[in-house]
Amino acid sequence: MKSLVRVFAVMRKELRQLSRDRLTFGMIIGMPLLQLLLFGYAINTDVRNLSAAYVDEADSHLSRQLIADMGAAQVVTFGQRVASPGELVALLDAGGISVGVAIPDDFDRRVIARDRPALQLLVDGTDPIVLGVAERLAAIPLGFDSQTGIEERQRMIEVRNFYNPERRSAVNIVPGLVGVVLTMTMVLFTSVAVVREKERGNLELLINTPVRSTELMLGKIVPYIVIGLIQLALILAVGRTVFAVPIMGSEWQVLLASLVFICANLSLGLLISTVAASQFQAMQMTFFVFLPSILLSGFMFPFEGMPEIAQGIAEILPLTHFNRLIRGIVLRGADISMMARDMAALGVFTAAALTLAIARFNKRLD
Amino acid sequence: MKDSAEFAIRARGLTRRFGSLVAVNEVDLDIPTGRIYGFLGPNGSGKSTTIRMLCGLLRPSAGRATVLGLDAARDSEALKNRIGYMTQSFSLYQDLSVGENLQFIGEIYAIPRRERRRRVGELLSRYNLAGREGQRAGALSGGQRQRLALAAAVMHRPQLLLLDEPTSAVDPSNRRDFWEGLFELAERGTTILVSTHYMDEAIRCHNLAILDRGVKVADGSPRALGESIGTHVVEVRADNADAAHLALGKIPRIVSLTRLGSRLRAQIPKRIAEPLAIVGEALRNAGIEAEINTVFPDLEDIFVAVTELREHGRDGRESGGTPIRDSVIPRGAAESRAETAPARSRDYARDDGKGEHEGHMEGSER
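Just so you know, the sequences run in chain order A and B. By the count of the numbering used here, the first sequence reaches residue 366 at its end, each step adding exactly one. By the count of the numbering used here, the second sequence reaches residue 732 at its end, each step adding exactly one.
Source of the hints: derived by calculation from the structure; they are not laboratory data. Each hint can be trusted.
When the alpha-carbon atoms are kept at most 20 Å apart in a straight line, the in silico EDC-like pairs for lysine to aspartate or glutamate are as follows:
1) A/Lys198 <-> A/Glu215
2) B/Lys636 <-> B/Glu601
3) A/Lys198 <-> B/Asp461
4) A/Lys2 <-> B/Glu443
5) A/Lys363 <-> B/Glu443
6) B/Lys636 <-> B/Glu593
7) B/Lys616 <-> B/Glu674
8) A/Lys2 <-> A/Glu14
9) B/Lys616 <-> B/Glu655
10) A/Lys363 <-> B/Asp437
11) A/Lys2 <-> B/Glu466
12) A/Lys363 <-> A/Glu199
13) A/Lys198 <-> A/Glu14
14) B/Lys616 <-> B/Glu647
15) B/Lys616 <-> B/Glu640
16) B/Lys636 <-> B/Asp664
17) B/Lys616 <-> B/Glu657
18) B/Lys616 <-> B/Glu601
19) A/Lys363 <-> B/Asp441
20) B/Lys636 <-> B/Glu674
21) A/Lys2 <-> B/Glu481
Please model the entire structure based on the sequences and the hints provided.
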């Protein structure tokens, strides 16, 4: 009973302080919105209109038709026509174009004979995304009767695009962003919240009162759970209205997965706070966790493509598991029971971090 | 424990080391119940460390302390409800109001709601904070902050109050109000341990321990301490105090010389029967007219006698003929005083007795 009074006392105090800290309050709302707009609009892996140039030494009906087809596909925009393949290479070197199309003078003969490649694409491969996009150009049918060409190709291998028929990046990014924003704000807020008390001397007063470590930690965590849920709702709502990302699965399951994930991050924040000596150190440590989270969790790059060591590290990070959960539920409409392993991983992480944090937080100065 | 009623605090051989540094060195304490007991010493003398050991914030490296009949290190949690502790720097929440701070402290001690409200009101009026409930603690003046901190420290009606330099940032008139509050508490039976580096504050205590570099060098009532020191104190009033300072500085049997505006206070070992004769002769030889009297040692004389003279064995037990190091007493250094003030210089005016730094000792920060 007394314990509960103390937990509520700490909670109320925390909320009061939070409501007076305009910067933090602004971050709660501002950070998700800003990231949502940045990632949603700016990051687009579905690249279009790459700058390109071509050399057409054949200058036949067929070659002109091909250049027109390529332009119509909107993958490249031809800026200029040059006289020789050497000039294409020079343009590529100078960074003036990303793709060069070189059509040799015996182009028509090669198309008919099919004995050698009919033309060359010169691609700036430093950006793998550009390379990937340019390779789509290679799928453009060649031949005097283009209609038959398309059919031949499509019959060989058919790609069925599940869950994201329009190939929009936002669909992948919005649910992933829930995890990224929550990782950043939850870990940062809690670690700073405790370290700030240390820095301002409040902690020396608190540890001289009967308040227990567990009560203090709980009182500090609960307000941020609420804040995390507000952010979750905000991102999913904006994602739905602005980026038209639907929630295919159950909202309750989204809530459940997010709750466990929020707790994992808050526990991590508390753990950081018991190690860090200043708010600045707490921030540094937060970014130490944040960067691998954003890079390795599958938010940016597919998890399967990473080397085993990176995958191993990623398995420790809560964001990896949450990304699987939230993408599964929101995009594929999967049931949470199908991903019990990831839920369990988050639970174990929370328990371990919280136990460590409480054990490390002692009511002494030495 | 047997003596717990008579003594609020008993310590034997209390020692605390930080690495190779001995912050507190084998301190014995017997602090009677219901008294105001002072710790006097410069910064770094081990006052704060001792207080932190007594309230269980630091574990002693050796020795033990019994506080209110309980072991300070082992039973620190049980003690929290019976001890009030006021930290050196203001440690309440600056972004909460006066009322919210007190309410929070009341909740942390799990004082029932009605009783809590009554006590908050009572404390606000007793410590002259009525009408300021809604003001942010960060916007209070130094004196108001200290009164608020005291109110928070006695919210749970502790039997023992530990105050670590409570008035270091408070002007003299507010300091007097603060001390009125302490006497009131002592009258109701609260034992108070207060550390200070102000002489005028230490003199108000019933009993006093003087700490110097971690060692307790004197202990007793201010009166008893004055009687026990090994030196006579001769006060010299001269129009040309500079010349008198210079002349007396050459006399080896004067072990300490303190300049106070137009007055000088000289300490001469008790073993010498005619202190006035020595001073008189020295001044006559220099052709200086002055009024000289033997006086009862004030706290500063006591402090000088037990700290600065102690380390050099000059408390009267030894011959007064050995030369005195300049670093000990700034005598004979009158000429160079303007350029290089000695580290422990005590040459300051305190004629008005109101200065902020009255009796304020300088020392190395620890």
